[in-house]
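J.: Here are the chains, one letter per residue:
There are 2 protein chains.
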Amino acid sequence: MHDKLNVFSPVTWHGSHIHLLDQRLLPRSEQWLQIDSVDAAIEAIRDLVVRGAPAIGITAAYACVLAAQSRAADATSSGWHELWLQDCQRLILARPTAVNLHWAVASMQQCLADAAQADVQTQLQKLQQHAVQIHAQDVAANQRLAVLGAELLQARSRVLTHCNTGALATGGIGTALGVIVRAHQDGKIEQVFADETRPWLQGSRLTEWELQRAEVPCQVIIDSAAAWLMATRNIDWLIVGADRITANGDVANKIGTYQAMLVARQHGVKTMVVVPWSTVDINTASGAEVEIELRQADEVLSFQGQRVARAGAQAWNPVFDITPAALVDYLVTERGVIAAPNQQRILALQRERASATA
Amino acid sequence: MHDKLNVFSPVTWHGSHIHLLDQRLLPRSEQWLQIDSVDAAIEAIRDLVVRGAPAIGITAAYACVLAAQSRAADATSSGWHELWLQDCQRLILARPTAVNLHWAVASMQQCLADAAQADVQTQLQKLQQHAVQIHAQDVAANQRLAVLGAELLQARSRVLTHCNTGALATGGIGTALGVIVRAHQDGKIEQVFADETRPWLQGSRLTEWELQRAEVPCQVIIDSAAAWLMATRNIDWLIVGADRITANGDVANKIGTYQAMLVARQHGVKTMVVVPWSTVDINTASGAEVEIELRQADEVLSFQGQRVARAGAQAWNPVFDITPAALVDYLVTERGVIAAPNQQRILALQRERASATA
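Top line first, the protein sequences correspond to chains A and B.
The numbers in the first sequence follow our numbering, run straight up by one, and end at 358.
The numbers in the second sequence follow our numbering, run straight up by one, and end at 716.
Relax, there's no trap hidden among the hints.
Simulated restraints, written as ranges between beta carbons of each label pair:
| no. | chain 1 | residue 1 | chain 2 | residue 2 | range |
| --- | --- | --- | --- | --- | --- |
| 1 | B | 697 | A | 340 | 36 to 42 angstroms |
| 2 | B | 647 | A | 294 | 41 to 47 angstroms |
| 3 | B | 711 | A | 305 | 50 to 56 angstroms |
| 4 | A | 133 | B | 573 | 56 to 62 angstroms |
| 5 | B | 649 | A | 90 | 55 to 61 angstroms |
| 6 | A | 288 | B | 694 | 39 to 45 angstroms |
Here are a few chain B residues that face chain A, going by a calculated C-beta distance under 8 angstroms:
| no. | residue |
| --- | --- |
| 7 | 386 |
| 8 | 554 |
| 9 | 562 |
| 10 | 576 |
| 11 | 582 |
| 12 | 658 |
| 13 | 659 |
| 14 | 664 |
| 15 | 666 |
| 16 | 674 |
| 17 | 676 |
Please keep in mind that the hints were generated in silico from the structure rather than gathered at the bench.
From the three backbone atoms N, C-alpha and C, an ideal C-beta is built for every residue, glycine too.
Using the sequences and the hints given, assemble the complete structure.
T.: Here it is as structure tokens:
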């Protein structure tokens, strides 16, 4: 349904199933998986077939539709709502750190609650419409983020980015990478450097691939070279996405973000965090309250099925970290740009929009 | 000849050839290469069969012996010295950043110059003795480094290290890793974390393997997790080796060292750099004058021979970086420990020893 929105869209909806581009295999191989059930969706989210907070959220919204279709078909009359809510709960638990997953499922739950009086067919229809709308909102938000973020850049910018925040991570053109591609179209990018982003190498596999398709000059670096790059290669900006922004402006994002943001500050490199508003979690006060997903050691100790370390070796594998708001120069959302984000400024933007739509 | 000195010794001398443990294959496979010529030694150094500044220096010393044996056998009477000096020059160029390579070859050249009046057999004998002595000195230096470094640690230390600085990188028990193993024997180590150290993964492949054999508890982390580790896991020390210490105390070491040292300072983690005095390069004023080796992009864009990034992707691959002396809390050498190293203190230690041996 959304195939036309963006040639790279990693999530497409087909009425009774989801197609997911298997990002674990990129760029070597472009394979699509057909997801027919909520359980298959949960597995795909957990196994990183789909990754990137917004793309996970969109996938989860469609998975809620699949779950509803299945529960409504199986169950006797109204009994399916409760089972569906359990499906929703299992979906939320598939990945703990990104808030978009939780946000999308909660939004789907609200949709069904609002349609509680309607007949089953109408309920299913409304859920489907709502999922499609969540996807479309992300596409629109991405466009707006790109414009607002690119405006902040000066001509001939030299930019470092971490992880993958492009079309592959979202429903649209991306968050941080959308800003970079838009700035390049505006003639403002001299050179992009992409952290390879261990352990899953989203930078060298996905970001490099997307930037090359957009004809943006890109060089990959190992993650630990970021400080040396900043010390010697005149970097202007570090631009990243996020999996969750807490009420005080702390940033939960891919492991390595905190380190890169810290060394950016040490080298006078400006930092920009680019997120759709659905990533802002007003209900979590600060990064200290965010659950950081710990994954299995094998992701660090092996690579694409090939063992690197000794059998029996141990690893500590947190896949996200928290960057304190104080290290963020600009938080770019589709609602507007916040310089030096803090709780007061984030709540102000939240209220402003709430009153505008009231 | 030195097989007994240390079970892990990656360089052994056998009178007419060198045996090198092929470190590219560890820990999966333990294969030894027989090196019969200076050209084979240059290739092995360039291709990372042997790595670690001290181990490269020792290999180069033995390679000088091989070159002399070959040139003396081929050439007519005294004509071989000039050809041998050309071999020495090619050896020095095999890796530009580590100073031990240059130091060892220069020391071998001095040895032959000192024996200029002797007959050929005596010259060859003296060169061989000198190479063996360079190796033995490194073994002795390692022991002393371990004692001096371990003394600095308090009980229950939690330590992060970068790259591999153990027996595999040296002639003896190692530099930074020698300190860690010794401190563990002294009951001072609670936990070691090892950066995996992209792109060659010396941390997950070699350091983890050595620590496990020494029964030191070790967890591998991805390099970009160092700051988050320090922020959340009570790290006391960052202990590293170096490829060159310049006269002012700047540290040229494996890429990623600068970033780790920078974030250590931000988190109040003490830093220790452990080197044999042969790594101190009094003739280079500061890190700004050190040539940083840039290697091919493929080392970043592939992972153990398996392509990661798109064919045609580009990468920036400096394999060393410079840490300013100001980020070093302790420089440990076999001549003594320097707190807050700077030019004055390094030159003082240099002169002290020079006058002691005068």
